[in-house]
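Whole structure, please, built from the sequences with the hints as guidance.
In case you want the letters, here they are:
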Amino acid sequence: MKELTYAEAINEALDEEMARDDKVILMGEDVGLYGGVWRTSVGLQQKYGIKRVIDTPISENSFVGCAIGAAITGLRPIVEIMYIDFITLALDQIINQAAKLRYMFGGKVKVPIVIKTTAGAGKGNAAHHSQSLESLFCHIPGLKVVMPSTPSDAKGLLKSAIKEDNPVIFIEHKLLYPKKEILTEEVIPLGKAKIVRGGTDITLVATSNMLYKAMDAADILKKDFNISCEIIDPRTLSPIDFEMIIGSVKKTNNALIVHESNKKAGIGTYIASIVTENAFDWLDSPVNVIGGLDCPIPYSYVLEDAVIPSQDKIINKVKEILEKG
Amino acid sequence: MKELTYAEAINEALDEEMARDDKVILMGEDVGLYGGVWRTSVGLQQKYGIKRVIDTPISENSFVGCAIGAAITGLRPIVEIMYIDFITLALDQIINQAAKLRYMFGGKVKVPIVIKTTAGAGKGNAAHHSQSLESLFCHIPGLKVVMPSTPSDAKGLLKSAIKEDNPVIFIEHKLLYPKKEILTEEVIPLGKAKIVRGGTDITLVATSNMLYKAMDAADILKKDFNISCEIIDPRTLSPIDFEMIIGSVKKTNNALIVHESNKKAGIGTYIASIVTENAFDWLDSPVNVIGGLDCPIPYSYVLEDAVIPSQDKIINKVKEILEKG
Amino acid sequence: MPEKINITKDLKVDFFKQMYTIRKFEEKVKELLPLGLIRGATHVYIGEEAVAVGACSALNSDDYIVSTHRGHGHCIAKGGSLKPMMAELLGKETGYCKGKGGSMHIANVDCGMLGASGVVASGIPIATGAAFSSKFLENKKVTISFFGDGASNNGTFHECLNLASIWKLPIIFICENNGYAITVPAKISTSVKDIAIRAKGYDMASAIVNGRDVEEIYKVTSDAVRRARDGKGPTLIEAKTYRFEGHWIGDPQVYRGKSEVESEISRDHLLDYEKKLVKENILSVSEIGSVKRKIEAELEEATQFAKESPFLDASKVADDIFS
Amino acid sequence: MPEKINITKDLKVDFFKQMYTIRKFEEKVKELLPLGLIRGATHVYIGEEAVAVGACSALNSDDYIVSTHRGHGHCIAKGGSLKPMMAELLGKETGYCKGKGGSMHIANVDCGMLGASGVVASGIPIATGAAFSSKFLENKKVTISFFGDGASNNGTFHECLNLASIWKLPIIFICENNGYAITVPAKISTSVKDIAIRAKGYDMASAIVNGRDVEEIYKVTSDAVRRARDGKGPTLIEAKTYRFEGHWIGDPQVYRGKSEVESEISRDHLLDYEKKLVKENILSVSEIGSVKRKIEAELEEATQFAKESPFLDASKVADDIFS
Ligand SMILES: Cc1ncc(C[n+]2csc(CCOP(=O)(O)OP(=O)(O)O)c2C)c(N)n1
Ligand SMILES: Cc1ncc(C[n+]2csc(CCOP(=O)(O)OP(=O)(O)O)c2C)c(N)n1
Ligand SMILES: [Mg+2]
Ligand SMILES: [Mg+2]
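If you're matching them up, the sequences are chains A, B, C and D in order.
Quick note: to get this note's numbering, add 10 to the position in the first sequence (first position is 1).
Quick note: to get this note's numbering, add 10 to the position in the second sequence (first position is 1).
Quick note: to get this note's numbering, add 13 to the position in the third sequence (first position is 1).
Quick note: to get this note's numbering, add 13 to the position in the fourth sequence (first position is 1).
Be aware that one or more of the hints could be misleading.
Unchecked claim - To give an idea of the interface, some chain B residues facing chain A are shown, with a C-beta separation under 10 Å as derived from the structure:
no.: 1; residue: I250
no.: 2; residue: M254
no.: 3; residue: G257
Unchecked claim - The following label-pair restraints were derived from C-beta to C-beta distances:
no.: 4; chain 1: B; residue 1: N326; chain 2: A; residue 2: E13; range: 48 to 56 Å
no.: 5; chain 1: A; residue 1: K57; chain 2: D; residue 2: R269; range: 43 to 51 Å
no.: 6; chain 1: A; residue 1: D294; chain 2: B; residue 2: K232; range: 29 to 37 Å
Hint data in this document are derived by calculation from the structure and do not stem from the laboratory.
Note that this is a predicted model, so its numbers are computed, not measured.
By construction, the Cβ of each residue, glycine as well, lies at the ideal position given by its N, Cα and C atoms.
In structure tokens, the structure reads:
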């Protein structure tokens with residue numbers, strides 16, 4: 011039983027999978043000698059050589075495409091995009107190639123590629139280094155999307171992602187890297203949500219770093235208002251574990267979804283909508299969604315704080331929902 | 011009063027705006043001498059010269075970026091991306107620059123750029139020439155998204171888009187170009203939906219080419235089942251005219267949203283969710299969404315037909331909703 | 014140009030057969046399209062046959078190629094069979110991609126043809142990745158990445174030439190410079206006359222070849238293949254070629270003069286090569302006739318097969334997304 | 014290198030002042046960051062001052078520049094004021110971007126500085142567009158696009174050099190080649206030693222300059238500016254430079270040896286230029302002293318201003334998205 015940070019847990023998953031399968035390679039900017047700006051690949055180039063851990067030029071679309079080409083010809087590449095904001099440069103290869111190659115070729119190829127990257131605001135990095143773009147990938151058929159919130163989930167899900175024969179977008183959160191936990195060492199299958207905390211009055215579905223805000227909010231709601239929240243972390247956003255979420259909502263009869271990305275055309279309102287379609291008669295109140303403010307991420311901390319969903323916002327919304335319901 | 015096709019209406023809007031304002035320029039692949047593969051810029055290079063109507067190399071990210079740079083320094087560029095599928099190559103400039111420049115610079119610049127492109131399946135062009143990616147843009151703060159369904163709307167909205175000082179993604183539908191209509195010659199403001207047909211039993215919100223499937227379905231629902239559908243075309247998808255949509259749902263107490271793009275993390279479930287949040291007590295049934303099948307667009311017409319929302323699917327869903335409700 | 018490479022009689026016959034097959038295949042496509050049997054954007058390779066044939070003949074059957082939106086010729090030259098090709102173009106279950114891909118996504122992974130692609134220049138990274146694999150796996154495979162003059166203005170061209178150079182990948186970039194990108198002439202969109210010169214920006218070997226001369230293409234490609242297999246890195250080859258047809262069936266071709274097109278078509282390398290084989294006593298006129306008839310018959314058979322094949326059932330539309 | 018360009022004494026003094034201002038500004042940034050007054054990724058320009066100063070001095074005040082993630086030096090050299098710059102870095106309402114942009118988005122549109130950008134190479138198209146505007150409007154403005162060696166491997170570099178060449182735009186592409194992209198040395202990521210050679214792929218004029226020699230940079234840029242203004246098209250200038258500091262504050266710099274860094278820093282162009290001014294009798298030692306003290310005082314004032322300025326109120330966070 012060892013305590014590891016989220017970054018170390020990811021590093022361990024990479025290490026174990028590279029040790030297990032010599033077709034697994036890692037490429038990206040600064041992932042090699044330096045071990046990645048998020049420190050998730052520390053020591054790997056030293057251990058597995060420059061052949062398997064490769065520092066790339068700043069050519070996002072092409073090194074992702076190169077990894078896709080390698081994936082259909084026998085390798086199992088993991089690609090790091092330093093910030094999810096730069097993945098915009100690689101979307102042609104991700105959306106038009108990775109997600110579609112197998113289908114377009116009638117099932118003749120497999121595309122075992124993991125694209126790992128980091129999302130989220132909170133570090134004063136402003137509009138080009140703080141976005142949460144997971145919803146873009148959830149919208150595209152042919153991609154799986156994973157967003158772990160804990161060190162154990164990060165490790166267990168990354169190991170599953172690397173073993174997966176289909177493209178996986180693996181989205182870390184930059185505020186979570188220092189988060190510590192004693193690892194559970196489970197292998198966590200893609201597509202399975204987790205009930206983080208049982209409850210009876212409302213279901214809170216919270217992704218990535220928002221899980222912690224939801225938990226803090228739930229503590230206060232319990233203590234000060236005797237409201238019992240059931241908290242679910244979907245962990246995989248595509249495909250999403252609707253069985254667990256809908257099951258919970260049928261029990262609590264109320265739901266609130268919280269994510270950091272924008273609400274508009276996002277994954278939250280999709281969850282809300284599917285839950286509503288399937289549990290309408292169980293609902294005491296409309297399923298609500300809190301997302302980041304509909305605004306680029308500003309630099310100053312005063313402004314940055316104002317765009318990220320806050321504990322207070324969650325508390326107020328839960329109270330509003332239950333009063334109305 | 012003249013009858014024009016959708017393509018001709020767009021051409022006329024471009025022509026009138028270029029005549030009105032000599033800072034309006036048009037750039038894109040094959041838009042010049044040839045007049046655009048969709049024939050929407052026929053005659054414009056001949057009329058306004060190669061200085062204002064420019065054939066570009068196949069460099070989507072850079073000619074879009076170039077247009078953005080031109081927009082912040084005094085021009086009003088319109089850029090054509092031949093198929094929306096290729097806009098994936100330009101998303102860095104659209105998402106990180108066009109949508110954010112004004113905000114990042116504290117309001118110091120304007121970004122009057124229109125990106126016109128075409129979406130949709132139905133022509134046997136397969137996975138790289140058939141997508142409906144409007145939801146990606148709706149998710150990004152700082153962009154406006156327009157999707158006209160009729161020649162009059164196409165012209166009226168394009169004229170507004172060109173006059174707009176902010177970036178607009180203007181999405182045509184490739185099956186609509188030959189569609190004819192006597193033009194109403196209104197200037198149509200961005201952000202205003204339209205009640206295409208009044209009704210009492212259910213609100214159908216249908217975008218782009220799906221409007222016609224919804225109208226056909228409504229005809230049959232009326233004739234065969236005496237179900238009266240109110241049909242709304244949002245026309246602008248971002249910002250969206252919730253006032254009109256919610257107003258209608260409060261009257262009909264039921265709603266179905268139909269679009270061609272995928273349902274997952276798309277604009278449809280966002281509409282559904284906001285409607286539900288705001289009209290929950292008026293709803294007799296959960297707001298439902300029909301989107302394209304969660305699948306890349308296949309080539310054969312048998313398969314292609316199976317992925318696009320059909321009239322039958324709409325009819326059956328409406329019946330199911332009203333039976334349950 | 015490397016002179017030492019010897020071209021056997023059999024190979025010459027093979028060149029002719031392949032070029033003729035491509036020509037006839039594309040003529041059949043032109044015939045079936047207006048009938049609605051083939052749908053959607055479809056780009057034929059007539060005029061450019063020598064490039065695919067010369068280049069792919071320099072490869073082993075397990076080497077890789079990555080094609081473009083104009084992929085039928087590459088597919089045939091890399092060993093594709095006419096039946097599943099034609100069936101794919103007719104959208105049938107018996108096609109290479111079960112009718113899911115069509116013309117712009119034709120692929121025959123089993124013979125190393127890793128697919129056409131509808132997005133211009135998007136195959137270049139995929140090809141670079143295939144070459145990356147081969148180097149990594151030390152399997153001595155070589156990859157050819159085909160793309161057009163228009164594609165050479167796209168960012169991925171630049172990024173991948175850089176990647177291939179720094180990683181010394183076993184890849185050959187073949188630019189099929191036919192002078193146009195749809196209606197846009199290279200001279201208004203491309204800052205250099207010879208795209209081959211761009212190799213200098215990546216410290217890469219390069220060559221310009223006559224895209225109508227199948228033997229020259231074969232020789233220059235063979236040389237590049239040998240160097241790639243020997244670990245000596247990538248090459249950029251520019252083939253000067255010409256598209257005899259419009260970009261699409263019915264293209265009014267406002268962007269190029271009738272006389273230009275006629276003069277280009279009048280220099281038909283396929284006719285020339287036929288004459289050359291006769292002159293070199295490799296095939297007699299009557300042998301050529303029977304080669305042609307055999308190919309035409311095969312093509313008829315393939316067309317028949319495609320027409321008679323069933324469509325994949327709509328219930329299977331969502332299969333093959335994930336493995 | 015064009016010899017005819019004359020550099021006045023005043024201009025030389027100005028070069029020194031600007032370089033010294035940048036150096037001191039960045040040292041102040043290094044001081045404020047660990048205090049938490051400046052947050053987020055912040056990249057200082059120490060070691061590269063001569064490039065921005067030499068290049069921007071060749072421009073008129075209404076010409077344009079587009080910067081990179083390492084933008085403070087460019088902003089100062091293009092006429093930015095220290096108060097709103099420092100205020101921006103401290104996230105204050107009085108900053109150039111009201112605290113919405115910060116270090117990586119610093120912009121001063123009024124003096125033609127069209128912004129830093131957090132996405133590497135993404136400013137190149139914006140700059141190309143500014144040059145497009147100027148040509149279109151016939152206003153004779155010239156644009157400089159700054160970017161790094163790392164950025165030169167990105168597709169937009171290629172696409173925009175092609176665009177600028179075919180459209181003969183009044184733009185100067187200045188590659189600040191400091192040998193590294195974060196921790197990745199150019200020699201493992203960039204296929205050519207001299208990025209300037211890439212100009213050949215676009216039929217573009219090019220030059221390599223010593224990035225520590227402000228006068229050489231000024232002269233070469235002036236020449237390119239004159240050609241651009243005269244409608245003679247774009248130029249690619251590669252400035253060989255060196256980043257004295259880590260990529261970020263606290264960077265352990267595992268990717269380059271201590272001795273390399275020490276030897277590079279020991280050749281400090283700022284000290285050298287100071288000596289040169291004295292030697293050329295342009296400024297006396299005591300005059301230099303007072304120039305320095307004046308700049309330092311201004312900087313203190315700016316820092317004080319920034320510290321005392323209020324944050325933009327959170328209620329205004331969603332303003333400025335649309336006009
Ligand atoms: C990224 C992208 N942009 C635009 C298109 C539309 N398009 C299809 S073919 C073509 C021209 C390609 O020119 P070239 O690369 O020279 O190949 P050629 O057709 O001449 O063989 C264009 C612009 C596309 N398919 N992909
Ligand atoms: C598209 C993109 N990829 C990666 C990064 C992360 N990043 C920030 S600075 C940098 C290095 C840039 O190197 P170079 O262009 O040489 O500029 P320098 O920092 O040396 O001045 C990288 C990779 C980024 N900001 N944008
Ligand atoms: Mg071409
Ligand atoms: Mg650098």
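Results of checking the hints against the structure:
| no. | hint | in the structure |
| --- | --- | --- |
| 1 | I250 | 8 Å, holds |
| 2 | M254 | 17 Å, violated |
| 3 | G257 | 17 Å, violated |
| 4 | B:N326 - A:E13: 48 to 56 Å | 55 Å, holds |
| 5 | A:K57 - D:R269: 43 to 51 Å | 22 Å, violated |
| 6 | A:D294 - B:K232: 29 to 37 Å | 35 Å, holds |
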